[in-house]
Amino acid sequence: MKEDLFELLLRLADDHLILGHRVSEWCGHAPMLEEDLALPNIALDLIGQSRALYTYAGEIEGRGRDEDQLAYLRLEREYRNVLLVERPNGDFAHTIARQLFFSVYMQAWWREAVGSADETLAAIAAKAVKEADYHVRHAAEWTIRLGDGTQESSRRMAAAVDALWSYTGELFETDSVTDALAGAGVAPDPAMLKAGWERVIAEVFTEATLDVPDAQAWQQTGGRRGRHGEEMGYLLADLQYIQRAYPGMTW
Amino acid sequence: MTNETPLWEVFIRPRNGLAHRHCGSLHAADAEMALQAARDVYTRRGEGTSIWVVPSAEITASDPKDKDALFEPTADKIYRHPTFYDIPDDVGHM
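Here the protein sequences come in this chain order: A and B.
Residue 204 in our numbering sits at position 204 of the first sequence; the count goes up by one each step and never skips.
If you want our numbering, it's the 1-based position in the second sequence plus 1000.
Here chain B stands alone, though its shape is the one from the complex (with noise of 0.2 Å):
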């Protein structure tokens, strides 16, 4: 059966004002499905306060031989990094 239904990405949220994070994959024939499945796979520790679902083959993703492009010239940037800055406590999540 796994192998003919789909692959979905599950993102939760575990609180409210934290953004959704991807927390795995599953299997599903369709969204509504994929929406239950989420909720018994990922949710059963009180882990989430939403779900979403998006299929797997949606998803654009960068390639790996284009690292070097992509992300090494920001490494001698440094002075892009809020290390200098102490962040009050009361703003909480940044």
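Here chain A stands alone, though its shape is the one from the complex (with noise of 0.2 Å):
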């Protein structure tokens, strides 16, 4: 069991971890001001929210290592992000996407976690929540705006869709730790989350005339068991630098 738990929030972790790298990126080049503040603040809440399960992960595995360890000195085959937040953030249709999938299914998964039979796992999520429903609105409003905007944002919006869907089936994976976790009341059951997930989705899409594509595509997979995109190197080189440049090195 702690073995399965310290597995899990280390995929939690490092999806928001890696998200909120890429949201980063958008410092000082969102399309409008608005946005270069608005897109910083929402990678400050993932980042923040790594932090917590890391220190909570390196607690629960017991052999000293930090938040700063476990973020930072780690090959790329032991990141356990789904590929849906590695994707290149693209023009901004495509981040907007990105955001939407990831938030609508954090969303419902931070709900139902609130509950857990995990005290400092209920503690976290209490405190997520609240951030992923901001994040949903910010997404679900934009993809709206977008994708029922003018000719050129609705043929953006819509070709990002295309493009991120196959990495969305990735988050309702199963496995022994998913299994073990939601067996024992600690964590949800990610397949329990994809009828809620697509519901909303659909209902964005309704509102942004956007087709909601099929459900039975083809699923990207391989995340969870560290198999990542070429994009996840370059993604860890600008991450990793200082601390594999200057080991331990503080500010």
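Because the hints were derived from the structure by calculation, they are not lab data.
Hints may be right or wrong, so weigh each one.
[As the list claims (entries may be wrong)] Straight-line distance between alpha carbons at most 25 Å, and here's what the computed SDA-like set of lysine to any residue pairs gives:
id, chain 1, residue 1, chain 2, residue 2
1, A, K194, A, G169
2, A, K130, B, R1015
3, A, K127, B, R1044
4, A, K127, B, R1013
Given two chains presented individually in distinct reference frames, assemble the corresponding complex, making use of the accompanying hints.
This is the structure:
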């Protein structure tokens, strides 16, 4: 059980750190000043959530690793994040689609986890769920305006959904880890969140005049087992550079 | 993009019992997006408990040229100023 909980916390923490890093790449580059503040705000929420999760993961593991060691000093194959979160930012529509898919999933996940049998995870969830509520609102409103906007914005939003749809299935994968923790009432069963996720996405897409892709479409997999895309190495090079070049450096 | 989206004035209420105060402006496509942007731009350090956004174009402003006619006549009516009273601390914000 302890190994399962550690593995789960690492997956969740990696999802949030990697997406937080991606979103932070917009800082100074967003299409308008207002979004240049909104996106780093969201990135900071995500990184804050990852910190709480890494810290707790380190305690559960009991080998003295702290949040920094878990975040910065692992190799690519040891990262457990879903492939969705490491996808490059692309244009603004790609970033918003990625954000919508992930945030709607996490909103449901945290809502369930608020009642977790694990008190620490429940406390992290209670804080995170409010942040996730806003992330969903932000991404959904943008999806609607881009999808139901100009010809160009609509085309780009549809292209982003098309490009990222095959990365959504991984969110709902189950294995012995999720089974054990769902059975013990510690964490929600990802598969149980799928129907609700599809319903919310369909509602947003209807308002955005976007087609909902085929639910049975082929889906990517591998992130949870450490098999990442080509872009992940570049991301980690950026993320880990300082700690690799100057081990233990602080400021 | 900022050339195509309207300007909004943002008002934030810092605490219950205080009035909303103008704190700046921003560009947004519509009211809902303006509200979200206001949250992200102006309440990052816990400044607010409530936000108003108003289309800048909807604000009717006094003409600076009318300054003398509008505001000058009050300058010599100091008896209107509540400076002759001590306000008890318990009264709070007035």
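### Message
So, against the hints stated earlier in the document, which numbers end up violated here?
### Response
none
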